[in-house]
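With the hints as constraints, model all of the structure from the sequences given.
These protein sequences, in sequence, are chains C and R. Using my numbering, you'd call the opening residue of the first sequence number 23 and step up by one each time. Using my numbering, you'd call the opening residue of the second sequence number 18 and step up by one each time.
The set of hints was computed from the structure by calculation and includes no laboratory data. Hints may contain errors.
As the list claims (entries may be wrong) - Simulated crosslink set (SDA-like; lysine to any residue; CA at most 20 Å straight-line): (1) K141(C) x N197(R); (2) K91(C) x G57(C); (3) K64(C) x N197(R).
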Amino acid sequence: MKKLIFFILFSSLITSLALARSTGCKEGNCENGYGKWVYTDKTTYEGEWVATKKHGQGTETWPNGYIYKGEFKESQWSGIGILFFPDGSTYEGEWANGFMNGKGTFTWSDGKQKTGIWKNGSFQE
Amino acid sequence: MEVSKNSFKTLSEPVKQFGGLVGIIFLIFLTFFVLNNIFGEGDELVAKMKIEEERIAEERKLNKLISSLPSGVLVSFDGTDNFKLSDELYEAVCKATKLIPQRAIMGANFLNFRAHEIYTINGNKIDETFVKWDDEKNKCFAGFVVSGNNVGVDETVKVSGEALSFLSTGIDTRVYFIKNF
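What follows is the structure in structure tokens.
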């Protein structure tokens with residue numbers, strides 16, 4: 023019984039250490055400067071950091087296929103950027119507070135396009 | 018009456034025992050017949066059991082299929098390095114999938130600001146998720162429902178779209194991309 027408890031505790035310790043090593047700041051400076059951060063769900067951010075927040079130019083890659091390349095402000099997608107959807111669709115244009123806000127072009131994977139003003143992710147007709 | 022009693026007495030012992038056995042069996046059948054009529058559901062129960070058996074068989078078939086798929090991202094569209102599902106596999110994976118992870122929900126929320134707001138305000142809580150195969154459109158649809166109080170107003174928002182990619186963990190499959198645009 024003691025051996026089993028020891029084995030469980032030892033396994034938990036090894037797992038925690040392995041997980042801790044595979045996440046967090048993997049390269050560079052993730053406080054002030056340029057660095058790469060890996061999240062527990064395998065989302066990665068590589069780019070500029072200011073005061074431990076994503077700020078400036080960077081690329082965020084989600085494990086399910088979303089890729090955002092562009093400007094970040096206070097860790098949010100803000101400024102000019104391009105979002106690649108998993109199926110090949112893209113939105114290129116202005117962002118604010120993590121949403122399509124401002125002028126931008128949405129291109130579907132079949133090539134169809136829609137350009138105009140966007141507000142909180144919705145196209146303004 | 019007296020004659021029949023006498024004729025019974027004249028019967029040999031094995032014949033009497035056999036008659037008794039037949040009588041008991043008949044009594045047991047009669048008892049179960051009466052009890053079944055009173056408490057049993059008869060044909061309805063049999064029909065339910067058949068449906069359940071078919072469901073279990075279908076689930077086993079789907080589980081076998083899921084375990085045979087490669088671990089990783091399974092997609093139903095062209096142009097990626099991920100495992101491309103055939104039409105048949107796409108339908109089977111859709112029917113076997115129950116889970117929608119957080120990243121898929123966050124991705125679908127890009128195009129639904131109200132859902133994103135409620136989702137964030139309520140600590141990423143999801144009321145309900147669903148994955149279903151549409152026989153008419155021959156497509157897999159997935160979605161979720163978020164509800165909560167947003168600036169004093171109780172709101173419920175349903176987000177749904179085509180489920181175009183799945184994550185295969187080797188044990189189960191999860192919806193990985195909901196295209197709601």
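Comparing the hints with the structure gives:
1. K141(C) x N197(R): Holds, at about 17 Å.
2. K91(C) x G57(C): holds, 15 Å
3. K64(C) x N197(R): Violated, at about 23 Å.
Of the numbered hints stated above, the single one contradicted by the structure is hint 3.
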